[in-house]
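All chains should be built: construct the whole structure from the sequences, respecting the hints.
Each chain, letter by letter, is given below.
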Amino acid sequence: MANDERALIEINSLKVIFPLDEGTVRAVEDVDLVIKRGQVMGVVGESGCGKTVTAQSIMRIVPDPGRIEHGEILFHRRSPDGTKKEIIDIAKMDPRGSEIRSYRGKEVAMIFQEPLSSFSPLHTIGNQIMEAILLHQDVNKKQAREIAKEMLARVRIPNPTRRLDQYPHEFSGGMRQRAMIAMALTCKPALLMAEEPTTALDVTIQAQILDLMKELQEEFGMAIMFITHNLGVIAQIAEAVAIMYLGKIVEIGPSREIFHNPQHPYTFNLLKAIPRIGKTTGQHLVAIEGAVPGPFERPSGCTFYPRCERIIPNRCDMHNPGVTRVGEGHAVRCFLYSEDTDED
Amino acid sequence: MRAFLLRRFLIMIGMLALLSLIVFIILELPPGDFAERHVYQLKSIGIFVTEEDLLNYRHQFGLDRPWPERYLRWITNIVTRGNFGLSLIYRKPVTDVIGERLGFTAILAISAVILLYGLAIPIGIYSAIHQYSIGDYTFTILGYVGIAIPNFMLALVLLYISVTVFGTNVGGLFSPEYLDAPWSWARLIDFLKHLWIPTIILGTSGTAFQIRTMRATLLDEKNKLYVTVARAKGLPEGRLLMKYPVRVALNPIVSTMGWELTRVISGAPIVAFVLALPDTGPLFLRALLDEDIYLGGSLLMIYSALTIFGTFLSDIMLALLDPRIRQGEKV
Ligand SMILES: Nc1ncnc2c1ncn2[C@@H]1O[C@H](COP(=O)(O)OP(=O)(O)OP(=O)(O)O)[C@@H](O)[C@H]1O
Ligand SMILES: [Mg+2]
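These protein sequence lines are chains A and B, in that order.
Going by this note's numbering, the first sequence opens with residue 1, and the numbers climb by one from there.
Going by this note's numbering, the second sequence opens with residue 1001, and the numbers climb by one from there.
These are calculated hints, taken from the structure and not from any lab test.
Be aware that a few hints might be false.
As the list claims (entries may be wrong) - In the DSSO-like style, the derived pairs of lysine-lysine whose C-alpha atoms are separated by at most 30 Å in a straight line are:
1. A:K214 with A:K84
2. A:K188 with B:K1243
3. B:K1243 with A:K141
4. A:K106 with B:K1243
5. A:K188 with A:K214
6. A:K141 with A:K15
7. A:K149 with A:K92
8. A:K92 with B:K1224
9. A:K142 with A:K36
10. B:K1092 with B:K1043
11. B:K1224 with B:K1243
12. A:K149 with A:K15
13. A:K214 with A:K36
14. A:K149 with B:K1243
15. A:K149 with A:K106
16. A:K142 with B:K1243
17. B:K1243 with A:K92
18. A:K188 with B:K1224
19. A:K15 with B:K1092
20. A:K272 with A:K188
21. A:K106 with B:K1224
22. A:K188 with A:K149
23. A:K149 with B:K1043
24. B:K1092 with A:K141
25. A:K214 with B:K1224
26. A:K36 with A:K84
27. A:K272 with A:K141
28. A:K106 with A:K85
29. A:K15 with A:K85
What the hints assert, rightly or not - From the derived model, a few chain B residues whose C-beta atoms are all more than 12 Å from chain A:
30. D1033
31. E1100
32. L1159
Think of the CB as a built atom: it goes at the ideal place given N, C-alpha and C, for glycine as much as any other residue.
In structure tokens:
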């Protein structure tokens, strides 16, 4: 996979654990994922499947006591003119060290789910956006302010000069989300990770924000990792989709393939659970049969087998399915398609 | 900001007015009055006093007027002329009796508060960052010991240390040779050499509590999303910590500054008494014991006014710190 010219982030057998007093949570396990330059990758799955932790790992901001147990996160770095190339392994870096800081916020930026608490209440929006600029760009305060202002205007915040000097509590939810996007984009990152960037907003604003993100993505040519429960949103914006279940990617492929030719029984159920597009506006996942097992009770074998309708006895409950290629860029972890196991 | 300050200022004035009334009532509450007490003292040294003499004394001290009139006269004099009335014990204006002593009390209270926060804030930050480390536990234990030891006990221990280790003489704020000397470098240094003991006693009694406050709020704040967002921008850890969570965590510290000052000031007289400090503390205790209402009342009034003023200052600092408060927003 590493020889792909367009590869930007390449995650290889990533495992992230949280050693807690009650036991060890394996939040992310055996995750392989490639995000290409300029690609919009959707990441979908039920609550607790490891979407956030995957994104946090790429940023190396996994909260304590979580840590990357093994695996690599290769970032294909390119100088702005595209001449110099290097591959750095983010997973090997010290999350508190200086090396990671030239990457965090500059090459990869993140928009978090709650625009409300993403800004410090005690500092102006301008101060917080300018901080990102001053950290990564060789400009003085005045220039940084100018860039911040342009960025606010770019995300269509009216009156940007005045807005710069306001505090978060003076912004509405939608405005804060825009400001958050502006802040993330100031350094023109190669990858933007967006976690449910629209859930806290009402429907019309959701649509505006999505359009805006799409527009900026095309303009800056950046890749987006879009994390959501909302398959409707994914259908609108993502080029490829990764479906996660209990810390693993169970199916990954181009959007068209996933939506029209799903292979994994879990993906199948997820899609079945969406109300028909056009009939209702809310396209959130509706609960599917059975409950997700708790973080400490991972089933042996394929983690989905207790809820699976197409279980192969003595196989799915005993062995761990390997990754099978089922089409162009389309892969699935399921014994229905091959007998490969993924055991160490 | 201006509206906020004006509102706080008016509240402060209202509180002061109410306070003066309460102080006056409290001082009127105990049975008997200064005239009776005076007569009793005269009797106890064998002087013969009649019922008429008692009434005379009452009249002489102005104690026979109805209390609202006495109150009004008292407070008007204070406000318009800075005249706190006559001390009944010393038979001198209260201002003369209090004089320089009030300055000492103020210096003592301020240095104690500075010490308190100067210790509590950095230790609280350290403990939060190094949660469950040996340092954290050590400070926690020291803090509890600090709470558990009564002030007078600590006073005695420090006096012992001061005498045995530093060879300074016991108690007071000055060595005998500087007691009535005019101010000079040497006198100032001598003063500082004496000041540290009461400062430590008063300052450290509240440190543990404020360390806990700082530690708890910071632990809470440093895992908040806005901190992660700032980290995700690529901000170095140290700067990140000071700019965001520490700043937010200062909020409860600053807002309790008013009552921390209260605690220090109300603890001061006992400590001053034990250490024989020439500040207002011993005066205050004596005034209360002898029902010298003008002296006691004035001191009580001054102490409480300092507290209210301290609260006002902490409100201002809070407003400078937090834009939501400044703009009158509910937090
Ligand atoms: N700070 C943490 N401490 C302990 N366990 C954690 C922590 N963060 C995540 N986990 C565990 O890691 C697993 C994956 O969590 P993650 O937050 O990545 O899920 P998610 O897919 O983002 O879910 P959601 O859709 O609810 O956001 C869960 O089992 C969760 O319990
Ligand atoms: Mg999540």
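Against the structure, the hints:
1. With a C-alpha separation of about 28 Å, the suggested pair A:K214 and A:K84 falls inside the 30 Å cut-off, and the hint holds.
2. Note on A:K188 and B:K1243: the hinted pairing holds, with a Cα-Cα distance of about 24 Å set against a maximum of 30 Å.
3. For the given pair, B:K1243 sits about 17 Å from A:K141 by alpha-carbon distance, which is consistent with the 30 Å threshold.
4. Note on A:K106 and B:K1243: the hinted pairing holds, with a Cα-Cα distance of about 20 Å set against a maximum of 30 Å.
5. Among the hinted pairs, A:K188 with A:K214 is consistent with the structure: their alpha-carbon atoms are about 14 Å apart, no more than 30 Å.
6. As the CA atoms of A:K141 and A:K15 are separated by approximately 41 Å, the hinted pair breaks the 30 Å bound.
7. A distance of roughly 36 Å separates the Cα atoms of A:K149 and A:K92; the hinted pair therefore is violated under the 30 Å criterion.
8. For the hint pairing A:K92 with B:K1224, the CA-to-CA distance comes to about 26 Å; that is within 30 Å, so the pair holds.
9. Of the pairs offered as hints, the one joining A:K142 and A:K36 is violated, with about 35 Å between alpha carbons and a cut-off of 30 Å exceeded.
10. For a cut-off of 30 Å, the pair hint linking B:K1092 to B:K1043 stands: about 23 Å separates their Cα positions.
11. Distance check on the hinted pair: B:K1224 and B:K1243 sit about 14 Å apart at the alpha-carbon level, within 30 Å; holds.
12. Only pairs whose Cα atoms come within 30 Å are accepted, and A:K149 paired with A:K15 is rejected, the gap being roughly 40 Å.
13. Using a Cα cut-off of 30 Å, the hinted pair A:K214 and A:K36 holds, with the two alpha carbons roughly 16 Å apart.
14. Using a Cα cut-off of 30 Å, the hinted pair A:K149 and B:K1243 holds, with the two alpha carbons roughly 22 Å apart.
15. For the hint pairing A:K149 with A:K106, the CA-to-CA distance comes to about 18 Å; that is within 30 Å, so the pair holds.
16. Restraint check for A:K142 and B:K1243: the C-alpha separation of about 20 Å stays at or below 30 Å, so the hint holds.
17. Proposed proximity of B:K1243 and A:K92 is supported: the alpha carbons are some 28 Å apart, at most 30 Å.
18. With a CA separation close to 25 Å, the supplied pair A:K188 and B:K1224 stays within the 30 Å bound.
19. The straight-line distance between the Cα atoms of A:K15 and B:K1092 is roughly 82 Å, outside the 30 Å bound, and the hint therefore fails.
20. Under the criterion of a C-alpha separation no larger than 30 Å, the hint pairing A:K272 with A:K188 is inconsistent with the structure, at around 38 Å.
21. Proximity of A:K106 to B:K1224 is assessed by CA-CA distance (about 22 Å); at most 30 Å being required, the pair is judged to hold.
22. For the given pair, A:K188 sits about 15 Å from A:K149 by alpha-carbon distance, which is consistent with the 30 Å threshold.
23. For the suggested pair A:K149 and B:K1043, the alpha carbons sit about 85 Å apart, so the restraint of at most 30 Å is broken.
24. Using a Cα cut-off of 30 Å, the hinted pair B:K1092 and A:K141 is violated, with the two alpha carbons roughly 63 Å apart.
25. Taken as a hint, the A:K214 and B:K1224 pair is honoured in the structure, with Cα atoms around 29 Å apart against an allowance of 30 Å.
26. Taking the CA atoms of A:K36 and A:K84, the gap is about 18 Å. The hint holds against a cut of 30 Å.
27. Restraint check for A:K272 and A:K141: not satisfied, since their Cα atoms lie roughly 53 Å apart, outside the 30 Å limit.
28. Only pairs whose Cα atoms come within 30 Å are accepted, and A:K106 paired with A:K85 is accepted, the gap being roughly 16 Å.
29. Between A:K15 and A:K85 the CA atoms are separated by roughly 27 Å; this keeps the pair inside 30 Å, and the hint holds.
30. The beta carbon of B:D1033 sits about 54 Å from the closest Cβ of chain A, which is more than 12 Å, so the claim that it is off the interface holds.
31. The beta carbon of B:E1100 sits about 42 Å from the closest Cβ of chain A, which is more than 12 Å, so the claim that it is off the interface holds.
32. Against the 12 Å criterion, B:L1159 stays outside the reach of chain A, whose nearest CB is about 44 Å from its own CB.
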